[in-house]
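**Q** With these hints in hand, go ahead and build the complete structure from the sequences.
Below are the chains, spelled out letter by letter.
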Amino acid sequence: MKIPLILFCFLSLARWSPAESGVGQKGWLIPPFGNSGDTAEIRVRTTIFKVKGREIPMSLLEQPAPQDEALFLRLAAMAANGQAELAADQHFSTPHGRELRMEAMKEFPYPTEYERRGTEMLPASVEFRLVGTSLVAELYAGDRSGTSGPSTGTAGRLILENIRGDQQRRVPVSLPDSPVDGVLLSPRFFTEKTTTAWRSGDTAHHLVSMFRAAETLHSPEEAHCFVFANASVPSTEKPVAGLPSDWRLHALTFRLPRDEGRALLDNPQNRNDAGLLASLLASSTADGNTRMHNHAILRINAGQRLTTREPAGERNPFDQHPASGTGEERTVPLGSQAESIEEYAYATESDLDFTPQSFEYRNLGRSFTATVLEASKSGTAVVEIRLQENSLVENKLWPEPDGISRSFVTRPQFVETAFEGTVRIAPGSVVCLGAATLPEEMTGLDSSGAEMEITFLKVTGSPAPGMEPTPPPRTEYEVFTLTAEDAAALRQVRGDFSKVEVLLADALEAGTAHSMEWAMLGTEETGKAFIKARMEHCFPTSVEWTQRGWLRPLSFDFRFCGPSLTILPDGAAGGPATSPRSPLNPVDTSQPGETQKPVTGVEFRHDVLLRMLPDTAALTAAADSGGKGGPLNVPVATIVNRAPPPPAVGGRIVSISEFHALPGIPEEQCWLVQVIRRR
Amino acid sequence: MSTFSIAPSHAPANGGETTLLRRYQSAPCGDTFRQLVVRHLPMVWATARRLVNGDAALAEDVAQMVFADFARKAPQLPPDTAAVGWLHRHTCFTARKVVRTEVRRRSRERHAAQIQQDEAMTDHSDPFLQTAWLEAAPLLDAALDSLPKTEREAILMRFFSGEDHPVIGSALGISGEAARKRITRGLEKLRHALRRRGVLLTAALLSQILLHHASAAPGGVPSGVMATLPGAAWRQAIASGPIRAARVSRSRAYVVPAAAALITAAGCWWWAIKYGWFSDAGGRAPMVSVVDSGGPGHPPGARPNVHVVCTILNLPAKTAAARLLTFQPESGDAALFAEFRPLAEAQGGLQEFELDTFAGEAGRVREIHGHDYAESWAWDRETGQRSHIGTATKDVGTELQVEPSIQSSDSIQLVWRIYHHYAAPSVLKWPLSMIEAERHPERVMEADTFHTLRAEGCLGNIRAGEPRLLMSQYLDAGTLPGTEPEPRVVLLFATVTIPQ
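Listed in order, the protein sequences are those of chains A and B. Under this note's numbering, the first residue of the first sequence carries the number 1, and numbering increases by one thereafter. Under this note's numbering, the first residue of the second sequence carries the number 1001, and numbering increases by one thereafter.
Simulated from the structure, these hints should not be mistaken for lab results. Be careful, since some hints might not be right.
For each label pair, taking beta carbons as the anchor points, the in silico distance ranges come out as [unchecked claim]:
(1) A:P66 to B:T1326: 16 to 24 Å
(2) A:A263 to B:S1331: 54 to 62 Å
(3) A:P66 to B:E1339: 24 to 32 Å
(4) A:R678 to B:T1326: 51 to 59 Å
(5) B:R1323 to A:G601: 55 to 63 Å
(6) B:A1424 to A:Q83: 27 to 35 Å
(7) A:A70 to B:N1305: 45 to 53 Å
(8) B:A1346 to A:Q83: 25 to 33 Å
(9) B:D1356 to A:T348: 55 to 63 Å
(10) B:R1323 to A:S279: 41 to 49 Å
(11) A:T348 to B:S1331: 55 to 63 Å
(12) A:P66 to B:N1305: 45 to 53 Å
(13) B:S1331 to A:L61: 33 to 41 Å
List of simulated lysine to aspartate or glutamate pairs, DMTMM-like, C-alpha gap at most 20 Å [claimed, not checked]:
(14) A:K50 to B:E1486
(15) B:K1189 to B:D1145
(16) B:K1181 to A:E127
(17) B:K1181 to B:E1151
(18) A:K628 to A:D557
(19) A:K532 to A:E603
(20) A:K532 to A:E416
(21) B:K1318 to A:E85
(22) A:K396 to A:D615
Predicted, not measured: the structure shown is a model, and the values here were computed from it. All C-beta atoms, glycine included, are put in the ideal place defined by N, C-alpha and C.
**A** Dropping the structure here:
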């Protein structure tokens, strides 16, 4: 037998140990039941369909929207015909009032370390990742429900999580002495998770969430996951009484050119958010300038509470290591959440042969959370909304390819957008939650320049006459660059904001002013709200020449840029002792407004790069000097202001100040003016 | 699944190391001694050559001295001695003594050149591997010497004598799995020992250089030495006087273990009868089936009053999923069972467990068997052939726990839990080239991966004799498209009866 040259060993780090598996051990894995207590049962079913295209999601925006059961049957038929994919399906019965867990997991093997053998990359170790479906159900039935409000049907919470590791991503790995670019195959892990505050009085299937499928987050091809659940008590139980209507919330985000977006929002005729949304829906196309960037749905119920032992801090689904551990037991409003996450792996170190030596993982994806804080008997509700997206713009090559030098190091450029705020809603209502300009580098390669993002919340249903909530005021913050002359003129008219607006508009038209950043929030004047769009730039700080004459980056650093606008409540400014957003408050069904807290501050922050990222010429110069010129650096300036809230109508100048010359801005426009306004 | 094992490359024609040594200890003779020399000479030769700076003539002298000493001292060695361990240690001792007395000066470059020249005559062409070997070789034996005896012997038998895990385990008095673990621990300690001496190696690389360089292949020992050394060593040994056999009475040495083995066997047999081992092996690997029916608080002779049959159906999703999406629970359970059970049985996806227990108490059943899986492989880069060099065993099977309670004369409620752990093949693939994957074929490798289904629940109003659906679970194919099993659906039914 020829002696083999390559030894391949598994490091089965993630395998279950016998102690964990229990099978084969002297003891039993399953502990005795003990006193099962009240074991009335609830039959539950959860199903996930995956459908390509936008036809089904768009049909849910129609008036009237299709019913959940009809949608379920339609998707089931499509799955039978191969037009939709069945991603998960579980059917079980759970004891009343007990937390039940089900999981179907398997090991997914993938290489984690490589060794180079000539021109080959061979795995040196392999790990196993658990993938599959898990479900947590804590449901209550009939009169034994522990929730407030009508105690009928079934209520509680469901958490459905689907982890997949079924695709491979090409990690660019360049070989200096090869005429082509090399690749490594890296597995992709996707997590799709829905947490729902459940309540139902029937046996129908209900759509609890819809979100973009994780594997399509960064591809032009769209696919959405539809998560259904139904839960019912056995037929011998008494028929349930009617329950308050469940609300289906749509979170819709559009991206469009800045100028077009500003024109739409500034148009007085578009003060009606429903009309503005309709206009954007009509003009958005898959590949046009105006496009729907995100569409997610959550089903929420009013009046749900949960007594639970929560983790100590708020959980950010994009944390590498989310907060864990036991916190104190408390009663909190029961929220719903939909998450779609991809674990993105990228090389951070390489050896002299440019073989990747270590990888980092970043959670990319989208999250939509809605929590009912108040439900009034008049048919409106106050909900806290949170939207977050972490994504990848591009893998930037270092040095930049110029037809002469080859690039063999890549670094991803990540972006983060987030919104949080409180809004009052009713069936059929539409609210423009917020908007913000995006850093130009965020818009991707296919866009036509600077863009902005506008986010809406739409509630399914027909509005009851006279019950549509008054749209909240819009708080805007804008930063301009001006010439010295314009700045001096502004100072003269500072006290009259209408004149300020006229002067700024004239300067913009004349080209002597530039609107650098703009952000808007359209939330209730209660509690904290924020919107932000931030980009993470990565650039080399040191380079060297290799023996073969290649520019090799040695170390990297990060800089963040982008705006954020925050509305701050004042906890010490008097008013009621408790906040509607305090998790310790029980859900209040009294008239709205009694526990609202006034806004007392607005904070705007904008980080801006003061120099362009180093190009090949800069890297060459740095390598030639052998590092004697010091590390490459990109300074950042932070514009931050905290100001009192604007007046009810109109606005004011927050500051006028001289500033640095900014990249891409004419040198004479070295003055900044910041304004805050309310419409 | 079959057990993977590799025939050791240096295995003697008759008997393993332990058998040979015992035979020589009981009756020292030239023939048995020659077999021992043939078996261990490559390791001794390679070790001696490393320690005498590559001088072949000196290495031959050292090897002859080592085997001559072994011939005289082997019969007096303790019964649990592994010959390879003793020989390696003695080779190190003898070589150092020879170097000191001979006062040979060898430069490191000449040493490395000598080894390089020798290596160039072999088929090893990997410069990366060679570099690592050149760094580690001069320090390897001292590092080995620093290991604890148990791990040193295991490594020597594995990499220097080419034995596989079951043989090593037998020689050391432990299981093959334990031997594998001992080798893994020993490698890690050896790696740390080398690191302390300034040589940095990954675990995988250390395994490679041990496998390929530590013990010269039979062709590596000069043929003349192989032919003459055993006789020369034997003559040298007996020149000092007759070689006496071992004095320890073997019969006495093994009385206690044998007695213990008898007792253990008897105990196992009793246990097996009580709990129904060896039942329904069905041609598979031996299965352990244990049933625990209810608690101890019943009068002697009390008969369980609830009979539960749990049926697990494993079906392709294309068969079952569409039907499940439209079926109505409760009323449709029996029809679903009647429709799916024969399909699952025909496709080998049926498992059934029967349990007699007492109402109000938990009954449990467990069926497991050992599943052997390949844990490490070796690749032949030229031929692309893969051979397993390490296996492990993991228990797979099913645990089921039920707690019935009688609701009325004709309805029962069942609280249940299931843990279902099984193995299925998965495919790991990666491009072995840094060039675009389309230009070079991808390597693929099958690996057994383990799947687990855990679930629990409660179902009431079960009519006696009617099968009811406790749970259904869709299992995604997942992982790499086109290379994975198709999606499946697992259904768990329960049929409860109350014996008269």
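**Q** Which of the listed hints are broken here?
**A** none
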